[in-house]
Structure formats: C-alpha cells, structure tokens
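**Student:** Read off the chains here:
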Amino acid sequence: MMTKLSAMLALTTAMALATGAMAQEGEPIKIGVLHSLSGTMAISETTLKDTVLMMVEQQNAKGGLLGRPLEAVVVDPASDWPLFAEKARELLTVSEVDAIFGCWTSVSRKSVLPVIEELNGLLFYPVQYEGEESSKNVIYTGAAPNQQAIPAVDYMAEELGVEKWALLGTDYVYPRTTNNILDAYLKGKGVAEGDIFVNYTPFGHSDWSKIVADVVALGADGKKVGVVSTINGDANVGFYKELAAAGVSADDIPVMAFSVGEEELAGLDTANLVGHLAAWNYFQTAESDANTAFIEEWKKFIGDEDRVTNDPMEATVIGFNAWVAAVEKAGTTDVDPVLDAIVGVEVPNLTGGTATVLPNHHLTKPVLIGEIREDGQFDIVSQTEPVPGDAWTDFLPESAKLDADWPGKDCGMFNTETNSCVQVQSNY
Amino acid sequence: MIRPLIALLVALCLAAPVAANPALEAVIADNLEGIEKPSRRTVEPLVSRIAATGPEGLELLSAWANRALGVTEDGRLLIVEGGTATDAVTGQPVPGADPKMLRPNSGVRGVIESALVAGEIASPDPARRAAALASIARDGTAEHLEALRTAAPEQEPALAAQRMRVTNLLAIRFDPDPAARVAAIEGMAGDVGLDFRAALNPLLATTRIAAPAEPQANIARELTVGDDDFPREAAIALLTTQGTLQPRLTPADQRNALAANIVDGAVGGIPVADLSDQAARDRAYEALEAAGTVSPAATEAEADAAIKAHRFFETYAEPNSDVTDAARAAQTRAQVRLAAMTGIDLGLDALSLASIYFLAAIGLAITFGVMRVINMAHGEFIMMGAYTGYAVQTMIANRTLSLAVALPLAFAVTFGAGVLLYRLVIRHLANRPLETLLATFGVSIALQQLAKNIFGTQARPLTAPAWLEGAITVNDVISISSIRVAIFVLALLFLGLFLFIMKRTRLGLEVRAVTQNPGMAASMGINPDRIAMMTFGLGSGIAGIAGVAIGLFAQVTSELGQQYIVQSFMTVVVGGVGTIWGTLAGAGLIGGLSKVIEFMNPANTLAAQTFMILFIIIFIQFRPRGIIPQRGRAAEA
Amino acid sequence: MTRQPFILRNPSILVVLALLAVFTVTVTALSQAYGSGTVPTSTVKVLGKTLCLALAAVAMDLVWGYLGILSLGQMAFFALGGYLIGQWLMYARTEGIVAASLAQNPIPPTPAELQEGVANQIFGVVGSSDLPLAWSFAHSLPLQLLLVLAVPGLLALAFGWLAFRSRVNGVYLSILTQAMTLALALWLFQNDSGFRGNNGLSGLQNIPGLEAVDQATLSVWFFWASALALALAYVLAAWVVSGKFGSVVRAIRDDETRVRFLGYPVEGFKLVVFTLAAMITAIAGALYYPQAGIINPAELMPIASIYLAVWVAIGGRGRLYGAIIGAVVVSLLSSWFTGGRAPSIHLPGYTVNWVDWWQVALGISFVLVTLFAPKGIAGIFDRLSGILPPQRHGRDLGPDQGALQEQEAKA
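Chains as they are written, first to last, in my numbering: chain P, 1 to 428; chain B, 1 to 637; chain Z, 1 to 411.
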C-alpha cells in the first residue's frame with residue numbers, strides 16, 4: 001500500500017517537475033462548483049466552495065493537472081432545489097466542466113442526478129447521507145449510514161449502556177431513512193418496539209418543551225435512555241437549551257448527533273452541550289500530520305484564525321484528491337476513463353489513514369465519536385478502522401439484497417437474489 | 001515485561017524517598033492497554049483492582065475519570081493538574097513531561113465514579129456526598145445498597161432524605177429479602193417520581209407465553225384469544241415464534257417455491273405465462289403440494305387446532321408474586337395522579353406557548369386594530385429585537401446586566417424602526433391596506449437579507465443569565481424551564497402595561513378615539529397621524545422585546561421572524577381585532593390547541609402544526625371576526 | 001348599436017400574441033434541437049419556465065387586479081398542478097423500470113406485485129413501501145391530467161365558497177389564503193401524507209414513453225406548449241374581463257357592498273373567477289415542473305405566492321400584459337442577479353456583491369413601486385395611450401375614506 005502510494009507521489013512529483021514550465025499554457029481543465037452561496041444552505045455550503053477553490057489553487061501551484069491549469073467555475077444554486085438541476089445542466093453543457101463538486105442536501109442531489117446521468121457528468125458529493133443510492137456518475141465521499149449511524153448506535157449501546165432509544169429528527173429524507181435503518185437495526189438486536197421513540201419536527205423548530213418532557217419520561221421504565229439526533233441546523237440550539245433547562249445532563253441522557261459539527265458549534269454557546277456526542281468521519285481535533293497541515297493551510301487561505309474545519313470539508317478534500325489521482329491514472333479528464341480509473345484509488349485522509357474508492361462509488365472511512373467540549377471542539381473518544389461504505393443497507397429487507405458494483409457488474413442497483421440489474425440509472 | 005523494569009529504573013534514577021505503590025505499579029504494567037483504550041463493558045474488574053491498591057489507586061481513578069490522566073511514551077501514568085504532572089504511582093512531580101492525555105468515554109467514567117462512590121458517601125464534604133448520591137441514583141448496584149445502609153448517619157436533612165430515597169429505591173431492586181422489598185415499595189406507594197417508576201416498571205415487565213397448561217411462573221394474567229389486546233393473529237404469531245406452529249406461506253415464499261419447480265415451462269400443470277395471477281399461483285402450489293414436491297404450509301385448521309391446544313399467559317420476569325402485587329398496587333395508585341400531573345404539565349407548556357404567541361402578536365394586534373393595516377415586517381422587528389439582544393451580549397459580558405440593557409434598547413431600536421417605517425411608507429398608503437401589506441413585505445425581505453449580510457446566516461447565541469437557566473420543578477412530571485416562566489411574566493407585564501396605557505393615559509384615550517372614528521377624533525383636535533405613528537412605534541417596540549424573549553429560549557437567526565409571523569397573524573385573526581382580550585384569547589386558543597394536538601400525536605410535530613392551521617381556517621369560517629369581535633361603528637369600517 | 005368584435009375592442013391582445021409568436025419562433029430558430037444552437041438547452045428551459053410563471057401571473061392578475069382578492073396562496077394551485085402531473089411522470093417511469101426488472105424473474109409478476117415493486121421504488125427512499133391512496137390514479141395519464149384541473153379547481157371552489165360565504169375579505173382573506181398554502185405545504189412536508197415529504201417528486205424531466213427524445217428537443221416542445229398555454233389563457237382571461245361579466249367583476253373589486261345591493265350574486269362571480277384562476281395556475285404548474293425536473297413542498301411555502309404578487313404589482317395590476325411583463329422581467333432579473341454573474345459594484349471600502357444585495361434591492365424597489373408607481377410598469381403604457389389616473393394629491397377635504405381631495409376638487 002505504502003509503495004503504491006509513494007510511487008504515485010513520485011510520479012506526481014516527476015510530472016509536476018516535467019510539466020511545471022508549461023503548466024499554465026495548455027487549455028485549462030474546468031471543474032464546476034455547485035454549492036449554494038445564498039439562501040438557507042449558504043452557511044454550510046460556502047465553506048465547501050472555498051475548500052474546492054483552495055484545492056484548485058494548491059493543485060495549480062503544483063503545476064496543474066496533466067500539464068494544464070485547473071479552473072473552477074462557481075455557480076450559485078441559491079438553496080433552490082430545481083435550480084440545482086438547471087445550474088448542473090448549465091455547467092455541463094455551457095461551461096463544459098469535467099467534474100462537479102457540489103450539493104449538500106439529499107433533495108439537491110436527487111435534483112441533479114437525472115441531469116448528471118443524462119449528460120454523463122461526474123459529481124463528487126461530500127456530505128453524509130441516507131444511502132440507498134449508487135449512481136454511475138456520482139462518487140459519494142461522505143458517510144453512508146453504516147459509516148456513521150450504525151457504529152454510533154453500537155457505541156451508545158455498548159459504551160453508554162443505552163437500552164431505550166429516542167430517535168429525534170427534522171422531517172426530511174435523511175432523518176427518515178436513517179431512522180428507518182436504525183429502527184430495523186435495533187429491532188434486529190433485540191430492542192423491543194416500545195423501547196424506540198421516534199419524533200419528527202419541522203425545520204427550525206423552536207418549541208421543544210413537550211418533546212424534551214416526552215424523552216425524559218421514557219426513563220420511567222428503568223432503562224437508560226439515549227437520544228439519536230438527526231435534528232438539522234438551527235433547531236439544535238433550542239433543543240439543547242431546553243434539555244439543559246430540564247436539568248438533563250449528558251450523563252443522564254446522552255445525545256448522539258449526526259448533523260452537529262464544528263461549523264455548527266462555532267459561535268454557539270456550548271456550555272449546554274458539553275459531554276453530548278457527535279459521530280463523524282473526521283474531527284478537527286484528529287491527531288495527524290496531514291490534518292495539522294490542512295488546518296494551517298485552510299486558516300491561511302481563508303485569512304481567519306478562528307475558522308474551523310469539519311467533516312464535509314475533509315470529504316471534499318478526499319474527493320478532489322481522488323479525482324486528481326484518477327485523472328492522472330487515466331491520462332485524460334473524460335468521464336468514462338476517469339470513472340474506470342477512480343475505483344481502487346487510494347488517497348490519504350486527514351485522520352491518519354487512507355480512503356479507498358470502492359466499486360460502489362463510496363469510500364472507506366473510519367468512524368469517529370466525539371464528545372463536545374467547552375470550546376466547541378470534540379474530544380475523540382472512539383475511532384474505528386476504516387469501514388467500507390455500503391450503498392444499500394443490510395438492515396432493510398428490500399435493500400439488503402441489492403448491491404452496487406460499477407466496474408464489475410456495471411450496475412448500481414443489482415439484485416443479488418435474481419442476479420439481475422434492477423436499473424442502470426438511479427432511483428430518483 | 002520490559003516496561004516495569006524501565007519504570008523501576010526511572011524510579012531508582014529519581015533517587016528520592018519514594019512512596020511507591022508496587023501493587024498499583026503492577027496493575028498498571030499489566031493493563032496499560034486496557035487503561036489507554038478502556039471499554040465500559042470490560043473495565044470494571046480493572047477499576048476494582050486499581051481501587052484495591054490503596055489511596056494512590058483511588059487518586060489515579062479520580063484523575064482518570066476527570067480526564068486528568070496522561071500516559072508517557074515509556075508507559076508511565078501521570079496525573080496532570082494545572083499544568084504540573086505527577087507520577088501516579090510515586091506521587092513525584094515530573095517536570096517537562098508531555099504525556100498523551102487519556103480520554104475515557106462517559107460510560108467508562110461512570111464505571112470509575114461508581115467504584116469511587118462507596119468511599120465518597122462518607123466524605124466530610126457535603127457537596128461530594130451529594131454528588132455520590134446522585135451518581136448512585138443514576139447507576140446503583142447491590143453493593144451500593146450495602147454501602148448506603150452501613151454508612152454513618154447523614155446529618156444534613158436534605159441529604160438524609162435523599163439518601164433515604166435512594167436506599168429505598170435500591171432496596172426495591174436489589175434487596176435479597178422479598179419482605180424488605182415489599183416494605184420499600186409500600187413505603188413509597190403513590191409517589192410519581194421518575195426514579196420510583198423506573199424501579200417499579202422493570203418488576204412489572206411481562207412476557208407472553210403459550211403453554212398447554214399453566215406454567216410454574218409468576219403469572220400476571222391469562223389471555224383470551226380474540227380480546228382487543230390479543231387478537232387471533234397475535235396468538236398465531238406467538239405460536240409461530242415459539243416454533244409450535246409452522247409459519248404460514250408468504251407470497252414471496254410461494255413465488256420462490258413455484259420458481260424452483262418449473263418443469264417444461266409449467267408449474268403443476270399450469271403454464272408459467274399464466275402465473276401472473278394469484279389464483280393461478282394458488283392452484284399451481286396446491287398441485288405441487290398434492291404431488292408432494294413442496295411441504296404443505298400451515299393451514300387455518302392447523303392454526304385453530306394449535307390455538308385450541310394452548311393457553312396463553314402473561315408472566316412477570318420477577319418470580320416473587322408478593323413483590324409484583326405490591327408493585328402493581330403502588331403503580332395503580334400512582335397512575336391517576338400521574339395522569340393529572342401530565343395534564344397540568346401540558347397545561348403549563350400550553351400556557352408558555354400561548355404567552356410567546358401573545359408577546360409576538362400583541363404589537364401586530366395594536367397596529368392592526370388602530371390602522372387596519374397588516375405589517376408584514378412585524379416578524380423582522382421581532383428578529384431585530386433578538387439581534388439587538390445578541391449585539392448587546394457581545395459587548396456586555398455580564399448577562400444579567402446585558403439583558404437589562406437589551407430589553408429597553410430592543411424596544412428603542414424597534415420603536416425607531418417602526419416610526420421610520422410609518423413615516424416613510426405606511427403614512428403614504430393610508431386606506432390602501434392590501435398595498436400596505438405588500439409594501440411592508442418588501443421591507444420585510446430587504447430587512448431579512450440585510451440581517452443575513454450583517455450577522456451571517458448562522459444562528460447566533462443569546463444566552464440567558466444563570467438565574468434564568470434551569471427549571472422550576474414541582475416533581476418529575478411537572479416542570480417548566482425558568483426562562484418560559486419569565487416570558488410568561490413578561491407577557492403578563494405587557495398585558496398590564498397595555499391596559500394601563502389604553503385606559504389610564506391621554507395617549508390611550510386618543511388611540512381609542514382614533515380607532516373608533518378617525519374623522520370625529522380629528523375634529524376634536526386629535527392628530528390621527530401622530531397617534532397612528534405612536535401606536536405603530538409602540539407595537540413595533542413590543543415586537544422587539546418579544547424578539548429578545550424568543551431569542552433567549554430558541555435561536556437567533558434571520559428567519560426568526562418568519563417562524564412567528566404566520567402564527568402571530570393567526571393569533572390576531574382568531575382572537576379578533578381591536579381588543580387586547582381578543583389577542584389574549586387567540587393566543588390561548590392556539591397555544592392550547594397546539595399542545596393538545598401534539599399530545600395526541602407525539603411522533604409528528606409537523607402534523608400538529610398542519611392540523612392547527614386547518615382548524616384556524618375552519619374556525620374563521622364560523623367566526624369571521626374572531627373570538628371577541630369588535631362591536632359598534634368601528635367594526636363597520 | 002353593433003358590438004365590435006371582442007378582439008378589436010382589445011388591441012393589446014393582438015400585440016401580446018404577436019410578440020409571443022415572434023419570441024417563440026426566435027427561440028426555436030436559435031435552439032439546439034431545431035436551429036443554430038446559439039441558445040443552449042438550459043436557457044430554453046429557463047425561458048419555458050418563465051412563460052409558465054407568466055401564465056400564473058396572468059391568473060394572479062385576474063384574482064387580484066380584477067377581482068380585488070389579494071390571494072397569497074396562489075402558488076398552492078401551481079404546485080398542486082405540478083404534483084399531480086408529477087405523480088404520473090414518476091409512476092409511469094418507475095413502472096417501466098420495475099416491469100423490466102420483474103420480467104427477468106422466472107415467474108411473471110402479478111399486478112399486485114408490479115404495484116408493490118413500483119411503490120417500493122418510489123417510496124423506498126423515504127422508508128415506506130405501500131402505495132398511498134392519493135396515487136390511485138397515477139397509472140393513467142388521462143385521469144391524472146383531469147385531476148390537474150379538478151383538484152385545484154375543487155380546492156379553490158371549496159375554499160372560496162367557505163370564505164366568501166362568511167364574508168371574509170380584505171386583509172383577512174389574504175391571511176387566510178396564506179394559511180391555506182402553509183397548511184398544504186406542511187402537510188406535503190410530512191412523509192406520511194404520501195408525497196415523499198421534503199424530497200418531493202423528482203426526475204420529472206424524463207417523460208415516460210419519450211425516452212428516445214433528447215432533452216434538447218423536449219425542452220423546445222415544452223417551450224412551445226408553455227407559449228401556447230400562455231396565449232390561450234391570455235385570450236381567455238381577456239375575454240373574461242371584457243364585457244358585462246368583466247364589468248361586474250371590476251365593480252366587485254371597487255365596492256363589493258354596492259354591487260351586492262344592486263342585486264348581483266357577488267359570491268357567484270367571485271367563485272367563478274377564483275376557481276378559473278386556480279385552474280389556469282394549475283396548468284401553468286403542470287407545464288412548469290416537467291421542465292424544472294423536481295417539485296418539493298418548499299415550492300408552495302407562502303413566500304412563493306407573495307413573490308407572485310410582487311411580480312404582478314411591479315408589472316402592473318389590472319392590466320393582463322402587465323402581469324406578463326412583471327413575471328418575465330422580475331424573474332429573469334432575479335435569476336441573473338442571484339446567478340452570481342451580475343458584476344459586483346466596487347465602492348470605496350466595500351464591494352456590493354449582488355448575490356447578497358439583490359434581495360435588499362428587490363425589497364426596496366418593491367416599496368418604491370408601491371409608493372410611487374402603483375400601476376407598475378404597465379402604467380407606462382397607460383400613459384402612452386393617454387389613460388391617466390386622477391391626481392390624488394393633497395389633503396382630504398372630508399373626514400371619511402374616499403373623500404375628494406383638494407386637487408381633485410379643483411380639477
């Protein structure tokens with residue numbers, strides 16, 4: 001593994017040296033950045049746009065790619081889902097980009113999928129998501145449920161002794177599907193129906209008193225209660241405040257959040273949150289040389305010492321590096337050769353390991369559990385070996401029999417019972 | 001094997017009178033990996049071994065639990081406190097050490113704390129005794145029961161009561177003598193505390209079994225097939241899971257069986273092409289059964305026979321029937337009180353929500369009542385107030401003081417904004433309410449985007465002072481966070497203030513006059529324009545205060561106003577315009593109803609909101625002028 | 001007296017139709033599918049969608065500009081149209097996929113299995129596998145097309161009947177329509193209601209049965225369909241507001257009570273226009289979303305309807321062409337400014353980035369239009385053709401609303 005890596009590095013360096021002089025001469029290679037710069041998702045997505053721009057700058061400083069400079073085409077889909085499809089079409093047909101880095105919410109991804117598949121584009125999607133999808137034209141660099149939700153629940157059951165579960169989520173597809181998977185998984189582990197409480201709230205919900213009271217009341221049958229939170233964004237503030245006001249500490253009822261990271265905690269009063277948990281594949285506090293270097297470069301690039309890094313940023317970095325490696329391997333930026341080349345590509349991640357692109361277009365990722373500290377960072381209390389991402393969860397009967405294998409079977413939705421491809425295009 | 005040697009060498013090198021603890025050293029050396037990467041499930045024996053090594057061991061455990069323990073490259077454990085490191089074994093300071101800090105997870109910390117607790121119960125420090133009791137209450141064991149019973153009597157009355165309670169609860173769970181358990185249960189019967197119910201409910205947990213005859217077990221009751229809580233399907237499912245009954249054929253199994261038996265393009269004589277019909281599939285399967293190719297599936301007759309041959313019981317996991325009887329009696333006694341208290345708690349929640357809606361809507365009601373214009377930017381005034389609170393808090397660190405500054409400042413800022421909006425826009429659109437609505441909507445989107453440009457799209461913290469944190473708790477069921485009580489008081493205060501202004505001041509008199517008949521009021525020397533401006537400012541100012549209040553318990557974002565504006569409209573419209581009592585009634589109705597719907601459908605808060613709005617739409621059909629309609633000439637305008 | 005033909009009494013219709021025809025031919029000639037390819041497919045889609053928005057604006061103008069009801073829930077009908085056509089698009093597309101997949105089984109599928117497979121494909125992503133009742137007709141295009149008209153129409157009829165019967169009007173009615181669209185949006189947001197919650201219906205640009213036709217061609221076809229719908233709806237709307245019916249409608253706008261006292265069934269007139277507008281809006285939605293590709297409940301949040309009102313107000317209420325101008329100009333400007341391609345303005349010490357400031361500018365310009373140009377852009381045409389509003393400036397001469405003002409008295 002190491003030899004392959006160092007060979008690759010050597011190759012890159014050699015190419016950079018050889019082509020350095022003419023790097024800026026060739027026709028630029030265009031990549032699209034499809035992140036919302038305005039609207040509700042802007043706060044999260046703008047960071048990822050900046051990350052891509054930083055990676056492009058670094059790559060150009062290294063002499064570009066295949067001897068040509070990289071050029072980022074930034075568009076703003078403005079948190080408007082139909083606009084994502086429109087802008088994706090524009091990027092692929094008007095700007096003619098070779099790869100797109102973008103999307104955050106599942107619905108935005110579902111919006112661009114048909115366009116990307118129709119025009120045979122290449123999308124790198126950097127956010128943890130609900131799984132149940134594998135497209136020929138998408139590389140999922142965020143976590144699938146088995147790389148975040150399942151290990152997190154295992155941790156709660158084993159390390160915190162949680163026996164009774166409150167699955168609280170914002171009412172949209174990621175919490176819904178994640179909770180469905182968790183529900184099936186917990187029942188499979190012998191948790192009774194009555195020991196799982198599910199609640200969905202609207203986006204930006206603020207009146208949490210009743211729900212917190214419900215959660216506290218779950219403790220009435222003497223079992224340790226744990227909350228698995230897929231509550232999105234700002235609504236978390238009110239939730240944690242109410243929890244603290246009710247006198248519930250992380251020792252009484254631990255909350256495991258899947259959508260609360262450094263960026264969300266930055267600028268918040270974290271006193272109420274200390275000791276609660278989050279599960280990601282990366283924390284800024286991860287101890288590795290690559291991470292230290294990345295944080296330093298990021299702060300320099302953005303010109304702000306207080307800016308934090310987070311999991312989707314790491315996923316973006318991995319995606320970018322994987323694409324660069326695949327393009328170099330394929331010797332071209334055409335989508336099909338790059339897709340052939342990218343499977344099996346190994347790039348270092350920021351937590352000290354490597355991420356491998358799997359045949360189902362997901363990655364291997366370690367699962368990290370962190371406890372929230374006063375300063376808005378996380379104490380990493382658990383870290384697993386890299387887990388291969390599973391596009392179709394094994395815990396729902398309908399998708400357990402499905403498999404995705406692009407180089408092998410040329411299919412993202414392969415029914416292993418009937419040995420046939422259900423559909424080549426994605427399920428959107 | 002090398003590590004103890006090195007440790008020994010290091011200890012020798014220090015060449016000081018070393019109060020070493022060889023037993024601890026040995027335990028550490030053997031279990032270094034377990035200490036570095038502990039797991040809640042396996043750490044307990046290790047913790048007891050360390051605890052058994054004496055005071056240094058306890059010291060180490062407490063440092064470990066407090067995340068003050070580090071491990072050096074050569075495998076020594078250092079206790080790091082305030083920047084100085086001391087060797088955990090020798091107690092010697094280790095200057096210039098750079099240990100890797102250990103971060104045990106909270107499950108492991110709980111195990112360590114529970115091991116330390118026995119000693120802490122007798123601690124001279126009351127705070128530590130209280131913490132120990134809390135820790136036992138959270139995660140008690142049979143040993144703790146022993147420790148509690150043998151510990152010296154508690155002198156502090158509050159702690160003594162708490163210790164009594166914890167001891168009783170542990171007795172219910174762990175006492176080997178059933179009589180003592182029954183006594184403990186009866187002693188607490190009627191209590192609605194969560195901890196008591198948490199002790200009772202596991203005793204009353206039941207499992208269902210099917211057996212040919214009455215089993216030797218603590219039977220809760222016998223079930224009759226066909227009852228509401230035990231339909232025939234449940235009996236069949238139970239028998240199937242017990243293995244007494246063959247599972248019935250699912251369509252998928254049937255299809256697979258058929259597919260496995262295709263002979264010459266036909267199954268059981270029926271062509272495959274015809275099998276797209278369930279009846280044909282059934283016939284084919286029956287043919288296969290008749291031929292003996294597939295094993296017959298359970299039939300209805302078999303199921304009936306099995307049900308007839310069995311009796312169905314619910315049995316307690318707890319073997320002693322005296323204990324379960326006492327527990328059941330205690331639970332029954334608690335149930336009625338519990339229901340009543342849940343009702344009261346729901347009522348408190350509803351009251352709190354109503355007071356929030358009231359605060360948010362009161363400003364709107366004033367402007368709507370006097371000028372008949374809907375101010376779509378009202379929500380943005382709420383937001384402005386919340387951001388004022390945030391801005392003040394970034395400048396003044398003392399939270400009580402900053403709140404004291406923020407409330408009047410928010411009023412002043414939004415009062416100013418309201419007056420400005422009136423002078424610049426609304427005054428010029430007099431008697432054109434729909435256009436006012438749209439113009440103020442333009443102001444609303446501009447203000448919202450402006451807030452995004454200034455403060456960013458991320459939620460900003462607005463933290464309540466410490467004396468407003470926490471909750472007012474009557475018991476484990478009835479509790480309400482202090483901040484909500486404060487908002488309720490604030491709402492009452494504004495109700496009083498509003499009534500005072502309206503009934504007792506010159507301004508109020510003039511406002512009432514303009515509301516009733518602007519023309520006549522103008523003829524009497526009142527300047528309607530000035531009055532409208534003042535009321536608009538007043539309404540906006542109250543919105544600003546509401547913003548601070550809402551920001552304290554929720555989040556401050558640029559969309560804060562949006563979330564409350566629709567509810568505020570509803571409150572005003574449902575209540576009826578023109579009177580403060582109408583707004584109050586509207587807020588009460590909407591708050592109460594929201595909570596009742598939420599109570600009936602706890603899994604889906606969104607559904608509660610949907611039904612709420614539907615209810616309002618229908619309500620308006622029957623009382624188009626609201627709960628308390630305005631009467632007299634003003635109503636005709 | 002012989003009545004002039006309807007068209008001749010409304011010369012603006014011919015102008016609008018001619019402009020629309022020229023526009024359609026130009027776009028077609030420049031499109032990738034049928035012409036030079038100067039206009040990329042994505043732009044054709046944008047233009048097609050803009051025509052649909054213009055269509056919705058015409059309906060909004062009927063309700064607001066002519067009937068005087070400021071409906072803040074008009075986009076609910078738009079989105080309903082989209083959802084109803086989306087149901088068929090999704091179902092039929094998925095059915096094809098599932099049927100092909102099941103055909104590989106040794107045993108041919110039963111209809112129940114086929115339907116279960118389709119439901120699983122559509123709802124698997126939101127964790128359900130039963131086909132909800134609301135999808136009972138999704139397999140049939142004619143039925144679903146009928147529903148595109150029937151469901152919004154019936155909703156408008158029921159809502160209007162309830163509201164108008166109770167004499168809810170003015171600001172109250174606006175708030176109530178807003179509540180209606182909010183309730184509908186919240187309901188659709190729920191996964192349990194069977195419309196895939198926040199994910200909505202997606203992949204709508206792939207038309208079942210037309211898989212062989214590429215998007216470049218499809219986009220032009222939809223553009224034609226949108227233009228045709230706009231032309232027909234414009235003529236229909238113009239016909240409705242002219243003549244005696246139109247006079248009564250405008251009279252209701254100006255003084256409802258007086259019309260009622262004159263013996264007209266005010267509620268009936270209001271219901272007819274309200275329902276008709278809802279159905280036109282639904283058609284606009286049904287044409288819009290196959291071009292957009294995805295519909296989700298965010299599309300019918302109250303803000304969308306308010307924007308529709310803003311377009312009509314800026315374009316000029318009470319003039320049908322004003323609505324079209326407003327929708328086209330403002331929505332295209334909006335997408336240009338928020339698209340990040342508008343050049344930033346560099347002031348000393350601060351750079352005005354249009355992505356951040358466009359909303360502010362829009363909000364302020366909207367206030368300005370309401371204050372200073374209540375007739376909107378169409379007011380310019382009025383002025384050109386010599387229709388001038390009375391000069392309502394100066395102080396009221398009497399204490400009551402609507403009293404003459406100083407300068408009117410002089411004139």
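Don't read these hints as lab results, they were simulated from the structure. Being a predicted model, the structure only gives us computed values, none of them experimental. There's no promise every hint is true.
As the list claims (entries may be wrong) - In silico lysine-lysine, DSS-like type, Cα no more than 30 Å apart, as pairs:
| no. | chain 1 | residue 1 | chain 2 | residue 2 |
| --- | --- | --- | --- | --- |
| 1 | P | K62 | P | K401 |
| 2 | P | K223 | P | K62 |
| 3 | P | K300 | B | K100 |
| 4 | P | K329 | P | K409 |
| 5 | B | K503 | P | K223 |
| 6 | P | K409 | P | K62 |
| 7 | P | K329 | P | K187 |
| 8 | P | K401 | P | K189 |
| 9 | P | K189 | B | K100 |
| 10 | P | K187 | B | K100 |
| 11 | P | K299 | B | K308 |
As the list claims (entries may be wrong) - For each label pair, taking beta carbons as the anchor points, the in silico distance ranges come out as:
| no. | chain 1 | residue 1 | chain 2 | residue 2 | range |
| --- | --- | --- | --- | --- | --- |
| 12 | B | G347 | Z | S242 | 57 to 63 Å |
| 13 | P | K189 | Z | N105 | 30 to 36 Å |
| 14 | B | G456 | Z | Q104 | 40 to 46 Å |
| 15 | P | T332 | Z | T26 | 36 to 42 Å |
| 16 | P | V424 | B | R221 | 44 to 50 Å |
| 17 | B | G519 | Z | L143 | 26 to 32 Å |
| 18 | P | G408 | B | N256 | 46 to 52 Å |
| 19 | P | I302 | B | T400 | 32 to 38 Å |
| 20 | B | G456 | P | D334 | 36 to 42 Å |
| 21 | P | T332 | Z | Q104 | 56 to 62 Å |
| 22 | P | I302 | Z | Q104 | 32 to 38 Å |
| 23 | B | A291 | Z | N105 | 18 to 24 Å |
Think of the CB as a built atom: it goes at the ideal place given N, C-alpha and C, for glycine as much as any other residue.
**Student:** Now tell me, hint by hint, if it's right for this structure.
**Tutor:** Okay, the hints, checked on the actual structure:
1. P:K62 <-> P:K401: Violated: P:K62 and P:K401 sit about 45 Å apart, past 30 Å.
2. P:K223 <-> P:K62: violated, 57 Å
3. P:K300 <-> B:K100: holds, 28 Å
4. P:K329 <-> P:K409: holds, 22 Å
5. B:K503 <-> P:K223: violated, 56 Å
6. P:K409 <-> P:K62: violated, 37 Å
7. P:K329 <-> P:K187: violated, 45 Å
8. P:K401 <-> P:K189: Roughly 20 Å separates the two Cα atoms, so the pair holds.
9. P:K189 <-> B:K100: violated, 36 Å
10. P:K187 <-> B:K100: violated, 39 Å
11. P:K299 <-> B:K308: violated, 75 Å
12. B:G347 <-> Z:S242: 57 to 63 Å: holds, 59 Å
13. P:K189 <-> Z:N105: 30 to 36 Å: holds, 32 Å
14. B:G456 <-> Z:Q104: 40 to 46 Å: Cβ of B:G456 to Cβ of Z:Q104: about 53 Å, so the range 40 to 46 Å is violated.
15. P:T332 <-> Z:T26: 36 to 42 Å: For Z:T26 against P:T332, whose Cβ atoms are near 38 Å apart, the range 36 to 42 Å holds.
16. P:V424 <-> B:R221: 44 to 50 Å: Violated: the Cβ-Cβ distance is about 57 Å, outside 44 to 50 Å.
17. B:G519 <-> Z:L143: 26 to 32 Å: violated, 58 Å
18. P:G408 <-> B:N256: 46 to 52 Å: 26 Å Cβ-Cβ, so the 46 to 52 Å window is violated.
19. P:I302 <-> B:T400: 32 to 38 Å: With Cβ atoms ~36 Å apart, the hint holds.
20. B:G456 <-> P:D334: 36 to 42 Å: holds, 40 Å
21. P:T332 <-> Z:Q104: 56 to 62 Å: violated, 35 Å
22. P:I302 <-> Z:Q104: 32 to 38 Å: Since P:I302 and Z:Q104 have Cβ atoms about 52 Å apart, the given range 32 to 38 Å is violated.
23. B:A291 <-> Z:N105: 18 to 24 Å: holds, 23 Å
Comparing the model with each numbered hint stated earlier shows that hints 1, 2, 5, 6, 7, 9, 10, 11, 14, 16, 17, 18, 21 and 22 do not hold.
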